[in-house]
Structure formats: structure tokens, C-alpha cells
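First to last, the sequence lines map onto chains D and V. The opening position of the first sequence corresponds to residue 509 in my numbering, with each subsequent residue numbered one higher. The opening position of the second sequence corresponds to residue 14 in my numbering, with each subsequent residue numbered one higher.
Rather than coming from a laboratory, the hints here were simulated on the basis of the structure. Owing to the predicted nature of the structure, the values given are computational and were not obtained by experimental measurement. Glycine included, every Cβ here is placed at the ideal spot set by N, Cα and C. Each hint should be verified, as a subset may be incorrect.
Claimed, not checked - According to the in silico footprint, chain V covers these stretches of chain D (three or more CB under 8 Å from chain V):
no. : stretch
1   : 1106-1115
2   : 1186-1196
Claimed, not checked - Here are a few chain V residues that sit away from chain D, every Cβ distance over 12 Å (derived from the structure):
no. : residue
3   : Gln60
4   : Glu80
5   : Asp115
6   : Glu197
7   : Pro201
8   : Lys215
9   : Ala227
10  : Arg278
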Amino acid sequence: MEEPKHIGISFPRKDGEDKVRGILRYLGDKQSPQMLHAALKTSPHAHALISKIDTAEALKALGVRAILTGEDIPGNIGIYIGDKPPLARHKVRHYGEPVAAVVADSEEEAYAALPLIKVEYESLPVIHSPSEALAEDAPLLHEEMKTYTHIPAVIPEPGSNVANRTRIRKGDIESGFKACNTVVEESFSFPPGDHVAMEPRASTAEILDDGQVIIHSTTQAPFVVRNLLSISYNLPVGKITVITFPLGGGFGGKAGIQLEALVYLLSKAVGGRLVRLVNSRENDLVSSPGRTGLEARIRLGCSKEGRLEAAEINYYFDSGAYADYAVNISRAAAIACTGPYAVPNVWCDSLCVYTNHPFATAYRGFGHIELAFAMERAIDLLAEQAGFDLLEFRMINAIRKGDTSPTQSTMDSNTGDLKMCLENVSEMLEWEKGTREEMPDGKVRAKSVTCFWKAPAMPTNADGGVILTFNEDGTVNLHCGAIEIGQGLKTALAQVLAEKLGINPGQVHVVDEVNTRIAPHDWATAASRSLFMIGRALVEAADDAIRQLKQTAAIVLRCPTEDLKVSEGRVFLADEPDIGLPLADVALGYRYPEGNAVQGQVIGSGRYISRRLTEIDPETGKGRPALEWTMGAQGVEVELDPSDGSYRVLKAVCSMDVGKVINPFLARSQVVGGMSMGLGFAGWESFIFNKQGRVINDTLRNYNILRYGEEPEYEVKFVETPQRDGPYGARGLGEQGILGMPGALAGALSGALGRPLNRLPLTPQTIWETGKEGAK
Amino acid sequence: MIPFDLEYYLPESTEEAAAIFAELSEADKGPLYYGGGTEIVTMCRQQTIKPGALIDLKGIPETTALEVDGDKLIIGANVTLTELNEQDYFPLLAKVARVVADHTVRNSLTLGGNICGKLPYREAILPLLTADADVVLAGREGRRTEPLEDLFDKRLKLEKGEILVQLIVPKEELKRKSWARRREKHGPVDYPLYHMIGVQKKDQLAVAVSGLCAFPFRSAELEKKVNDSALSAQDRVDKAPDLLPGTIRNDEIGSDDYRQALWQRDLAELLKKMGGAE
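Start from the sequences, fold in the hints, and give me the full structure.
Take a look at the structure:
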């Protein structure tokens, strides 16, 4: 096989220049004169009955066209469970929940009307955490749970606050613990937070006279939005068009449905006129969904030789007021509950629990960042107690080909090389030089290591498709249903296509906008599956196009198609390369000098659907839900000042087995971006609640995220064990950089402090307090 | 986006500004004086305040002055924190200005706005308190110059409609030996847990602190204790919390225990660094 020309090359990202120069317009930037504008009145309470809403005065305000409240719109929406009214009805279940929406001629008039809406509340007891939600006398947040529709894979428990329970029963947990020499049991937790994508969410809706519904939205899943709108509002799916422009970051926060349903209802309320709803930053933080919190309790044991024998795992995901994606997050966390380790005996109950926090949707890592934090902390504690080096202990237990996953699915020959990843981390952090050092100024430096894995958590029939069309100059247009959310997907796809067609990536024109009426069906731009699945569809589409190009050329060149080759922008005889035609001459059909034309344009198409996936057994979790596992290892070195808890992350490293690197610069950027986000998650970010359950840091003045100057030095090393069913051997890497970082930061700081830190975020004050407790 | 209409005025003299203020108050417009707008615009956007008019003071030339006049440094209230950060006349003020908010905000944020704003920190006041600055105020009744010390009690006590025009710092105060420590919850771009400065005056150490209590302060009682040479440095540090002019803040940025522990440590370091420990 020839050396690839465009795979493994750092081709500059196609959308880079427009973004850097500020030319790209996001949805919220686009306005037109005929638009009406919406604004949301939100709840100041975390849990309260709505005793009265008076909109009379607001309706009289200048420019106001309509006001909707929960009472005006029957029915619920929800991605897996239909549990959420688009506007709170009868009661509010979280701070920031929209209770009314105003449509007005201008955005100013819509916002000005909000204070004129008078809402009376009657406070209800607030549920602050999963454990409070699971207490016997806890108030029920969803009394009507048993009437909610839900997909079969999600199992709500009416009469409780449990929105889903996923069980894993592998091996025999009791005899597993009997074989253990050392057992640890500990709890781990973190509060919910937000994605803080650069671009706040926005949607517009318009209903045409013939019943067509046109939605523009900042969504990672336009086809999901289309389908759920169709189901929820009984609209023929073909009458709905969802259009998406490139997003200013998604991170899962734009993967569900929320504003789209509301803005559709608002458009309906004003006779189908075009209505625009753009989140303020405050609304984006608390009124639209954020990420889950977690409480975990893990009992973990190993043999004298350091082999993991048994894991008893309880994950309680804090889904907030509504289940959204969180029910599937709790399920994904069960499927991967042990992390990438071979554990013969596993018992796991992973619950998604309602609380009075802002509701949670998908977030980069999707259950795997949560489980990795809890498991990696537990692994550290066990290894320490059993007297093993933290890296060596992971080496002993690293999962490999032939081992089984928690769902008893056998790891196949595509399994990544986790041991190599661990070796790379060891080298990058200079592990052998020691992992803890007290500095002359009293500060302490310490290192950590973690492992991670992730498979896409998606429907067993998740799919994607590609259509290729050609231009007069022989260049190609690449259409697909996946969204550019900042991950650089379309640049990587252009490289794959360029490689297949033997052209330059610059001759591939990617279509940025996705329109559900034009683009081939696509599940969603989520789960780090786009390069793999769209990549597979693209390879098929390219082969289809090549076949057609050869067909046309074979007529003109009077030769068998199988003698032809497509490369360097030409189609030619493989054994006599001088005899051939430029792609420009055949791509739109061939025209002979006297005028006759043959064959017509080339339209390449390809598709992919997940292979041989199954649901899991509700009692044991047995099944094959994972398309491909991407795994790796990470670590950090920190410098802690134990006297005040302040610290710096000096270095963060990651080694990941990605199968094949398509674009090294983009791949590294994606991984480093994930690592940075993971450090922010672990050390800086989370909602802060007061005793009434209100979020008191719902602005970027006080919701802390990692700042540019606080970044450590990053080092990334890729391992390439081919994913043989992936495009050119590649597997997903979009989310994975984030996964091991919270555990790594907590591990290093615990090592430096000499006390375990098992709760996030790791602010200097919490470290100082933990150190003080230890000194007592 | 500010979702309500308001009137905007750009007067060119303090007299004009004060007259407009009086007129608009009379007309119940609830006018506000406007400097950089970094607080006002946010609060207007969130509709937590709804002024009917803003009177932008940046058109008044004296308020943007930054110059040495004989034995005094004159600092206009509308000098931005970025400009303060970049000047060499008063290094401690430059240092303090550098750590408030972030660079983009500092390009707008003015000294007067920082001192008179609603946020409890008002850090730029600290070096002016220790420098025994004077304030120049203007109102309908005319103009007055007063010692800052007399007018600053938790906040600058302005008469209704009065304008902070300038701050005047004696030249000998500009380059005194000083020490500053700002602590945040985590990263540097944040509100402070507290911000403390110490300045070596002729024979005593002047101390001013923001963020520790609900307001910035320079306390005579605290300074007396800090300078009490009859006590060991450790004793002074131990007794210092009892002499604070208010309770120690306990909020989402940090607990009172954490603030106090760090502050006492830093006070000890201040005494050591500034030679006040003998």
C-alpha cells in the first residue's frame, strides 16, 4: 500500500481563518427586520408552587405580541423521558426555570416586559443532592412519573425520585471480595455545573402557511430535534426543517432539545411569524441544561498480587429537575463502570436522580468523566493501601484484548494498547524520578496517573451518511449531517476524502450548514463518533464517486473501468498514466468536441450504521452496547502550598490510543482542549447553591473557569493500534482528553497534601480545610 | 443590551453636570453619574437598576487629568485603571490597579467608578487611603477639597448630586516603600478574598484592606496595634482580628475562617517585610 499523502498531515482547519478573524456569524448574530424576539421570565426559586401568574400589565407593554405560560401549552418534551414542560406548569423545580415567555417586536421590548409579569410562588422543600432525593421521606419532584413516556432502555421508578437505574451484575461479587487481600470503600462527589460554551444557545422558528415548520438552532442534533418536535407536537416529520450553522462550542450542551420546542410554540402563538430566542449568558448557565453532579460510593478489592478482583459500585447522578440526557449518562456510566481495567466480579447500580438543581444534559465525557473521577480515586486509595506504585498497579490491571467489559462483552483485536499509554505517561512525567518532592520553600510537588476509556453511548442504530457532488473544475462538495462544533471534523473529513480521491484537501469543499431537508440523515454530533461513522460513510461515498468517474472515463478512453485509476486530480490508465483525463472533464459528464455528451454528473453517496450493537439486559447489564473503545492514560504534576491550599498545575500529559491520527495538530488541539476543560471541571468550576437551592454564581463574573494564564504545559503522545473497521484505522478522540483529568488533579493534590481529596471542585480553601482536618 | 430607554448626557463641565443632575432628579428621572460603565451596564442589562438618565462625566476635562502639579499628583476620576496601571508617578496605585478585573474591563473601568461603585471591593481606594490623599468634589454649591480620610467611611460620602472630580496625592507619598498582597479564591482574575497594602510612612506602617470586611478600610485602631512596638509581631497579628471595623466576610468566595487565617499570615509577612516587626 502507498504511503498516505493527506492522512497524518496537519492540514490547516477549514473554518480557522473566519473564526480567528471574527468573520463567522453564529446564529445569534443573524437578525432580520421581520423577526419577532422572545425573552424568558425565570424562577428565583428552586422548588415552589406557582400560585398565580399575572401577565395583564406585561401584555399592555409596548411592542409585546404574546406571552405564554406553562398553562397555555399542554404536554411535555424530553429526549428519553417526556418529563419537562417547555415552560414550568403548576410548579417550578429549579432556580432559573422559565415560567413565562414574551414575544415582542424587539429584543429590548421583550426583556422590558419581563419585570411586568407578576408571579406568586409558594415555596416547597428543596432537594439539594441525590442522597437527599433518595431519602425515604424525600418530596417527590415528579408525582406524575408513571404517566411519562420513555424509551425502553431507560427505566424510571415511579413513586421515587429515580429517573433511571442501570444494573451491572458480572461474576460473583461476594466470592470476588473473599479472594481479596485488600479492600477499600470510599465516597466521592462533585456538584453540577455548566458547559460554558463560547456561544450561548439560540433558536428561531417560523411556521409557513402550508404548515412547514422552519427551525434554525444551535444544535448538535438537528435530526433529533426534528424527530422530537414531530413526536411531541404531532407534526409530520417531513414538514419540519431544522437548519444549523457551525457552533461556537457544544460539549454536549446542545445535543438535546429545549429552546427549539419553546420557540416553535412561541411562533405558533403569533400566527407562525418568525420568532428568535437567544439565551443571555445567565439563562444559558441555569435555564438551559448544564452537566450532572455525582455522588459515588465504591468498594474495591485486589489480590495479594495487586489484581482487581471485585468492584461494588454505586453511582448517583444528580440530574437536576429534569432527566434530559442524564438518564443515558447514568446508563453509560454503568456500562463502563470499572474504567479500563479487567475486573472479573462487578456489581454496579447506576442511578439518575432528580433534585432541585438546574437540569443536566450531555457533557463532554458523558458519564465517563464522572465514573473516571470516582474510580481513579478508588484505585489510588486501593493501590496505596495494598502497597503498590500507582502506575504499576494500573499496569497490572489494564484491560486488554480477550478481557471482558462490565457488560461481559469481550474486548476484541481492535482494543487499544493501554499499557503503552501508561508507559508514555511514565516517560513524560519522569515517573521513575519520584512522585513527591518537598521543596525548600515549603511547597510540595507531586505527580499522578489515571486511565480512562470511552465508547459512544448511542442508539444501536446510530447512523450517518455522505453525499458528494462535483463542480466544473473537478473539485468536490462534501455534504453530511454532522455539525462543525469547533472540533475540526470537516477538515479531517476533507483529508480522508482527499486521500481517497488523490486530490488536495483544498479541493474538497465542505458544506458547513446542515439542513435536515438536504443533508443525509445523521444521528447526532455527539459521542465522539463522527469521524468514525461519517468517515466510514465517506469512504463508501468516495468509492461510489470513483466508480462513476471511471465509468465515464472508460467510455472516453475506450478501456475497461478496472484498468483506470483516480489520483492527482485525474483519471488515467494505471499502467499508462499519460493516457487519462482531468477530473474536471468527467465530473459533470463528458462532452465530446463536436458537442455530444455522455454519463452526466457524478453523485457519490455512502452510509454507515452501527454494527452488531445490542441493548443491555435490564437485570445483569449483559450485552454489546459499545461500538469502539478509545482508551488512554493521563497524569499531572502539581505544586501545592499546603499552608494555604493554593496550587499550580505544572504539567499535564496524555497518551491516547486513537487508532490512526488523521490530522496531528487538530488531534492534539482537541485532546489539549479536553484536558484544559477537565482541569477546569476539577479545580475551578461548579454551581454554588445557597440554602434555598438558588445558584448564586449564575454569571461569568463569579462562575469561575480556567483562564488562559492558568494553563499548565501540555504534552500529548498518540498510540496507533488500528481500529480496523474505522476510516484509515481511526477511532474517536473528541471527548476523551477530558476524562482522566479530574482524577489526575485530585490524585496529585492528594499526594502532595498527604490526605485524600475526594470531592470537587478542588479549590484552595477545600484543600486547606482538608489539610487542617488531617493535622487535628 | 439595555432593555429600556434612558437619556444620555455628556456635559463638559462639573457645573453643567451638576445642573443636569439636579434637573433630572427634580423630574424624577433617577439619574446616575456614569464613568466607565462596567457596573452600570451590567446592572441595567439585568434590570436590577433602571436609571432614567445617565450623565457621562468623561467629557469633563479635569476628570481625565493625570499630571504632577508642583508638589502634588492630580488624578482625574475618569482615568481608567489601564491608564493608572501604565503610569509611573504612583507605583503602588499602578500595582493595585493592575489586578482589578481583567484587561478588557480595565480599559473602561475608571478610578472614580471603582471607588464609588456598588461592588464592595473598591480596591483602588487603598493606596489613596494610605497616601492621605485629598478629594476634589463638585456640586451645585460649588467645589470643595477635603481630606479623603474625613469623607471615606466604608464608602466615599458624597452629597446627592456631588461629583468626584479628582484625587490629589502629595508628592512625598508617591514612592514610599510599600507591600501589597491580593488573595483570590483560585485564579487571579476574580474578586479578591482580600487585598491588603502596607505603606511605610515616616515612622509608622499604614495599612489598608479591601474584601476582608464588607467595605474597604484604613483603621486607626488597627494601625495603632500593628505599630505597637511594645508587642511582639506575633501578638500584634493575633490581636489584629479583634480590631477590624467589621465582621470578616463569609461568602461563596471564601469562608471567614479561611480569610482570617490567610490574612493573619499575610499580616505577619507584611510586618516582617516592612520592618515593623521590631
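| query | Non-interface claim for Glu80 (chain V): all C-beta distances to chain D beyond 12 Å? | reply | Its Cβ never comes within 12 Å of chain D, the nearest being 33 Å, so this holds.
| message | Between the stretch 1186-1196 of chain D and chain V, are there enough contacts, at least three residues with CB-CB distance under 8 Å, for the coverage claim to hold? | response | holds (count 3)
| field | Least C-beta distance from Gln60 (chain V) to chain D larger than 12 Å | value | violated, 6 Å
| Non-interface claim for Pro201 (chain V): all C-beta distances to chain D beyond 12 Å? | Incorrect as stated: the minimum Cβ-Cβ distance to chain D is 7 Å, not above 12 Å.
| task | Find the nearest Cβ of chain D to the Cβ of Asp115 (chain V) and say whether that gap is larger than 12 Å. | result | violated, 8 Å
| task | Confirm or reject the coverage of the stretch 1106-1115 of chain D by chain V under the rule of 3 or more residues with a beta carbon closer than 8 Å to the chain's beta carbons. | result | violated (count 0)
| said: At 12 Å, judged by beta carbons, does Ala227 (chain V) keep clear of chain D as stated? | reply: holds, 16 Å
| Glu197 (chain V): least C-beta distance to chain D exceeds 12 Å? | violated, 9 Å
| query | Beyond 12 Å from every Cβ of chain D: is that where the Cβ of Lys215 (chain V) lies? | reply | Fine: 33 Å to the nearest Cβ keeps Lys215 (chain V) off the interface.
| query | Are all C-beta atoms of chain D more than 12 Å from that of Arg278 (chain V)? | reply | Given a closest Cβ separation of 7 Å, the condition is violated.
Taken one by one, the earlier hints fail for this structure at numbers 1, 3, 5, 6, 7, 10, listed in ascending order.
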